[in-house]
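Enquirer: Sequence:
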Amino acid sequence: MTSAVIQNAQPEARPFVYDDINRDSNQIRLLRILRPNATSEVQSEIFHTNLDDNPTYKALSYTWGSPADPRHGINLNGCHFEVRENLWHALRRFQAGNVAPVIWIDAICINQSSDNERNHQVAKMKRIYEQATEVVVWLGISYGGSDLAIKFAKELYDYRNSVSWVTQRFSMPDIKLALQALGDLLAREYWYRIWIVQEVTVAQRIV
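If you read the sequence shown in the UniProt record's numbering, its first letter stands for residue 1, the second for the next number, and so on.
Rather than coming from a laboratory, the hints here were simulated on the basis of the structure. Among these hints, one or two may not hold up.
Now the in silico label distances, taken between C-beta atoms and shown as ranges [as the list claims (entries may be wrong)]:
#1 Arg14 x Gln112: 16 to 26 Å
#2 Pro36 x Ala123: 27 to 37 Å
#3 Arg93 x Asp24: 29 to 39 Å
Even for Gly, the Cβ is constructed at its ideal location relative to N, Cα and C.
Throw the hints in and build the complete structure from the sequences for me.
Expert: Structure representation (structure tokens):
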């Protein structure tokens with residue numbers, strides 16, 4: 001069986017090992033993405049908290065991708081941890097922001113090698129997304145006409161009660177390009193996930 005390609009590996013760093021979640025409580029883990037250092041590796045730390053304490057955090061809605069996708073190493077509590085490529089791009093985007101966010105991401109905040117923990121945490125996912133200050137929708141890296149599609153969709157919403165805005169702001173060739181780009185964006189894998197119904201509909205705010 002062909003294994004996924006591992007990139008940015010740091011063989012000198014020991015593998016990350018999870019501390020157990022208290023499954024008799026509403027305990028979860030949250031990820032804090034740190035400011036970048038001299039290396040290109042994503043720097044982060046993970047910690048335990050309890051939903052009953054109303055922690056402030058964001059939650060990520062995204063796709064895992066294929067098991068065959070390349071994997072990238074990140075620094076998690078000073079240890080080596082591997083994530084798939086789509087999530088790695090999202091983490092890099094967060095790290096480039098002005099504020100280092102605290103965020104819940106299932107692939108990192110749940111010990112995926114523990115069936116008991118995974119079942120315990122999945123049962124709390126509705127509440128996790130409900131309590132997040134905002135749900136960040138990550139559709140993937142920008143390519144093709146995705147930037148145009150998002151701009152067009154935003155203007156469709158902003159001017160939804162006006163008929164004349166289309167001819168004022170877009171020529172017919174531009175409209176055709178924008179509609180094609182919007183169609184391509186809506187064909188991305190993200191929209192075919194059943195879980196997005198729960199993640200998005202319960203969100204206080206979506207970005």
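Enquirer: Are the hints correct? Go through all of them and say.
Expert: Against the structure, the hints come out as follows:
1. Arg14 x Gln112: 16 to 26 Å: Roughly 19 Å apart at Cβ, these two residues keep to the hinted range, so it holds.
2. Pro36 x Ala123: 27 to 37 Å: Holds - the Cβ-Cβ distance for Pro36 and Ala123, about 35 Å, lies within 27 to 37 Å.
3. Arg93 x Asp24: 29 to 39 Å: Since the Cβ atoms of Arg93 and Asp24 sit about 36 Å apart, the hinted range of 29 to 39 Å holds.
Checked against the numbered hints listed earlier, the structure breaks none of them; every hint is satisfied.
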